[in-house]
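Asker: Join the two chains into one complex using the hints; note that each chain is given alone, in its own frame.
What follows is the residue order along each chain.
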Amino acid sequence: MKTNRLGHWIAILIGTLYFVVPLAATFEFSLRKLRGVYSFEAYRVVLADPQFQSSFTFSVGLAVVTIVFGMAIIVPMAYFVELRLRKLRPFVEFVTLLPLVVPAIVIVFGYLRLYNSSSILPLTNSTLSTNFLLTCGYVTLALPYMYRSIETGLRAIDVRTLTEAAESLGASSGTIIWRIILPNIRSAMLSGAFLTFAIVIGEFTFASLLNRPAFGPYLQLIGANRAYEPAALACMAFMITWACMGIIQVISRNAVAAHP
Amino acid sequence: MASNASSASLPRPRVPWAVVGVTPFMVFALLFLILPTLFLVVGAFQDNDGGFTLANLGKLWTPTILASYWISIKVSVASAVIGAAIGAFIAYAAVSGGLPRWIRPTIMTFSGVASQFAGVPLAFAFLATLGRQGLVTLFLSSVFGLNIYAQGFNLLSFWGLTLTYLYFQIPLMVLIVTPAIEGLRKEWREAATILGASNWQYWRHIAGPVLLPSFLGAALLLFANAFGAIATAYALTGSSLNIVTILLYAQIRGDVLHDQNLGYAIAFGMIVITGLSNLCYILLRVRSERWLK
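Line by line, the protein sequences give chains B and V.
When we follow our numbering, the leftmost residue of the first sequence carries the number 1, and every step to the right adds one.
When we follow our numbering, the leftmost residue of the second sequence carries the number 1, and every step to the right adds one.
Keep in mind the hints are simulated off the structure, nothing from the lab.
Please read these numbers as outputs of a predicted model, since none were measured by experiment.
Be aware that a few hints might be false.
Said to hold, decoys possible - Take a look, some chain V residues computed to stay more than 12 Å from chain B by CB distance:
no. : residue
1   : F45
2   : G51
3   : T109
4   : V143
5   : L146
6   : F158
7   : E182
8   : H205
To be verified - With a straight-line Cα cutoff of 25 Å, these simulated SDA-like cross-link-like pairs (lysine to any residue) come out:
no. : chain 1 : residue 1 : chain 2 : residue 2
9   : V       : K74       : B       : Y18
10  : V       : K74       : V       : E289
11  : B       : K87       : V       : R287
12  : B       : K87       : V       : L283
13  : B       : K87       : V       : I282
14  : B       : K87       : V       : L31
15  : B       : K87       : V       : I34
16  : B       : K87       : V       : L35
17  : B       : K87       : B       : T152
18  : B       : K87       : V       : E289
19  : V       : K186      : B       : R5
20  : B       : K87       : V       : L284
21  : V       : K186      : V       : G98
22  : V       : K59       : V       : F39
23  : B       : K87       : V       : R290
24  : V       : K59       : B       : R113
25  : V       : K186      : V       : W102
26  : V       : K74       : V       : F153
27  : V       : K74       : B       : F19
28  : V       : K186      : B       : W9
29  : V       : K74       : V       : A250
What the hints assert, rightly or not - Okay, the calculated bits of chain B under chain V, using three or more residues with CB under 8 Å as the criterion:
no. : stretch
30  : 27-39
31  : 52-65
Note that CB positions come from ideal geometry on N, CA and C, so glycine has one too.
Isolated chain V, as found in the complex (with noise of 0.2 Å):
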């Protein structure tokens, strides 16, 4: 190309280039992702006219819509403490050996698809499995003569939404927590077998002190994962669980809470709290990676 020749004289005739390579996704990023957000927190921060102001945060601190924040926290953190502690066990399962070879891969594999199965159809696989007219309800019933929705279990509930989440939540623990249990080195059980600690002093001062921060750290990720998601619970409960997501939902869709400016405050909050949780992840990720590498 000319353009090349003529500035091939020039120390560094490359640098255009980079910039015109990376220009399109800057320009995407600051359009679609940081500009979105932003208008959102500024929003936030204002009133109907512009002008600064706490209230709309102010006004976050109401019964619905603190009930809808705290229902959406319980099942995030239910789902994540649970999620993550089951993935836990089944990975270290999976990796410490004794089984037969093939169960690996096969679990990981299997991981990788369930973590991906959410949405909309994994409502469905639920409703299938343990609504009113589910194989598993049916199952209890007929087989034992229990009732769960006599007993007071209901699918369109705090649990039932949990056992729903638990469904990509612990294979997204499997996937994560993986490569930190495999990280953990035999020489170190065998170092400390020889010093005589047993399998719980193991447990207490070695390999649980190094697996905390991803544990901890993949449990806060886990956290996040399920305060965002909408779609399963929104096609599984309608608006009869009311947590936060489907609040902001039916605030876009209808302006239910007829304050534009209050929907920027419930979508500022979301962010606060998503934020947190991956800012720690992040620390907690740099801790881990000192012993895991």
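Just chain B, with the same shape it has in the complex (with noise of 0.2 Å):
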């Protein structure tokens, strides 16, 4: 079949370079800001660019708190729906599949009209609520891969007899969830965790319709504006996903070696 694995080769080969060359492209093009010489001139004008910082920062603190946030409420009701309430079921996995069909940009335009300034909620009146409506809606993005990724993890262990057996030794709802199932299912949160923050750093389309501050409008900002900085800030969200997803990876290869 030696035909046949010279296919595979050529696949695979054009799949690399299809993958690999803007990659390179866009590297190279960021070194080019001074003329005539390779610089990392392009990286220290964004790096130090206070509007840099403060919108990553913001990112970051707002993917942090949509990892807490969508935890909080996702990992009671999995481990319930688990438990004892099997019949919500297929209302939960509707629910959970919605951000997939509905498209972000029509979620953020239902909250304008929703919550806007004449609403009975005006969560657009001040920042603090604002930034929450953003939170909301990351944590709705989110949700197809926070909830997939934690029920998976509640599948791996067995629910029902660590339930009962913490029940039997007396401890209540709360203590079983925050100290038997937590720890069971760490390597499961970890990843959806990850796979959230990769997704909220550089979110565009709610951080911009609801007119925050964050990573991914200043992104568009500069790339409307500059020439290599863009290239630049590209090659850097590309490390930031790399560098998340690579840590999903070993995550859930010692989830594995630790459960055979």
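Answerer: Below, the structure is given as structure tokens:
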């Protein structure tokens, strides 16, 4: 089957070229800021930009709050649905798939109409409540991924037996979730968390339409006004995504090693 | 806790705890997912005074709006079909063996990264590659004397956007379709070969039909994925390529159509399109799971 294998090599080769060439080109482009020589000048300019620092910090903070808030509502829900409220499962499956059906721009459009300053719940009135609204938007964006990873984690352990064992020793529901379930699904939660981080950090639509100074709108602004800095930013964004995915790989590999 | 002790005699004392645990999620889903969507869907069927009307949907049939839906659908279909085909081929090459062992995990990791590498940075990467000053553009013109922009290529066009979307569509396809390809059992091929089937007959009558639902389902998911995307296109083309998400973005930003209910109708149309493709995906997935256990 020698010809067959050749075809495989060609497929892999073309695929690799298609994915590596733009990265190489972006990197090369990002070094061109000074005429005639390659330099990291574009990176220096970007990193020194106070707006870069503030928008990046803002988005990192948002990502962390999104992860904590998302986990806080999804983990108990997934636990009780798995344990006692099986009837709710189809509904939960539907809701968690909804963000893949309804485009982000439609969801944020709904927010702007539902929570504007003349509505019953005027969340867009203050900076703090707009940030809250943005966080909620990010939780909905991350919902399919977070729920799926937590659900996979819960299915891999015997929730019922663990719960009954803990209950017979007198533990309350809160104690069971915090001290029995969470440690057992830690790697699943971490995978969901890093995926969420990768999604939130450069998100554009929500942040832009809610007028928050996040990293995504900053990237867009730089792209519209500068030549070489965008390429430097793209390289950094790629490194961040790469780091998040790499960490997920390591976590899941360790999890497999721990529970063969 | 005292309340626990007093309720211990009841037959199902823990049910309230389950309700307490599920309630925050349900309230969240209602407030930040279901109600906003419903609000737009209802608004699409209302006139300015709140009365029922189909006029908003009727207004979608204007040349500008239809054109923007059409270009969105074209880009999404092209990037989904091409992405699905190439992605499936790469996944098959990676899974079916014959290549060094390190290739497969490398491809999977890389697909995980590239499928998430979308949005604004992806647009920057393609501008640096195939833009007027991009590396590949300059390379082609200096080495082969081929000026792709003089030949009619433009990154800010249908093919340019499709080519850019493929950067996350192909890896996404690899991730989605690999489990299905892994489900093809060696025994099927052996049995077919023993019975005298050719390679073509094996694909035509066995592997093809088994994989088809997964393949189509994944292609539909890719379609919905591209259809709802905005950031890449916006950063790449500004508003020179009027795909429907950019039209809606401009409408939200500045109410360019001077009609807020028409905005709801545009959003409703998008939900219908992505909803239909996801519905077909779910139906196909149910079908494909019969074989791939």
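Asker: Straight-line Cα separation of K87 of chain B and E289 of chain V no greater than 25 Å?
Answerer: holds, 22 Å
Asker: Counting residues of the stretch 52-65 of chain B whose CB is closer than 8 Å to a CB in chain V, do you get three or more?
Answerer: Result for this restraint: violated, n = 0.
Asker: Hinted pair, alpha-carbon criterion (25 Å max): K74 of chain V, E289 of chain V. Please report holds or violated.
Answerer: violated, 30 Å
Asker: Over 12 Å from every CB of chain B: does L146 of chain V meet that, or does the non-interface label fail?
Answerer: Nearest chain B Cβ is 16 Å from L146 of chain V, so the label holds.
Asker: Assess, step by step, whether the Cα of K87 of chain B is no farther than 25 Å from the Cα of R287 of chain V, and give holds or violated.
Answerer: holds, 23 Å
Asker: Taking only the CA atoms, is the gap from K74 of chain V to Y18 of chain B under or equal to 25 Å?
Answerer: holds, 22 Å
Asker: Is the Cα-Cα distance between K59 of chain V and F39 of chain V 25 Å or less?
Answerer: With a Cα-Cα distance of about 19 Å, the restraint between K59 of chain V and F39 of chain V holds, given a limit of 25 Å.
Asker: If I take the minimum Cβ distance from V143 of chain V to any residue of chain B, is it greater than 12 Å?
Answerer: holds, 14 Å
Asker: Are the Cα positions of K186 of chain V and W102 of chain V separated by 25 Å at most?
Answerer: Given pair K186 of chain V, W102 of chain V holds - Cα atoms ~21 Å apart, limit 25 Å.
Asker: Is the Cα-Cα distance between K186 of chain V and G98 of chain V 25 Å or less?
Answerer: holds, 14 Å
Asker: Assess, step by step, whether the Cα of K87 of chain B is no farther than 25 Å from the Cα of L31 of chain V, and give holds or violated.
Answerer: holds, 22 Å
Asker: Taken at face value, is the distance from the CA of I34 of chain V to the CA of K87 of chain B at most 25 Å?
Answerer: holds, 19 Å
Hint violations for this structure: numbers 3, 10 and 31, all remaining hints satisfied.
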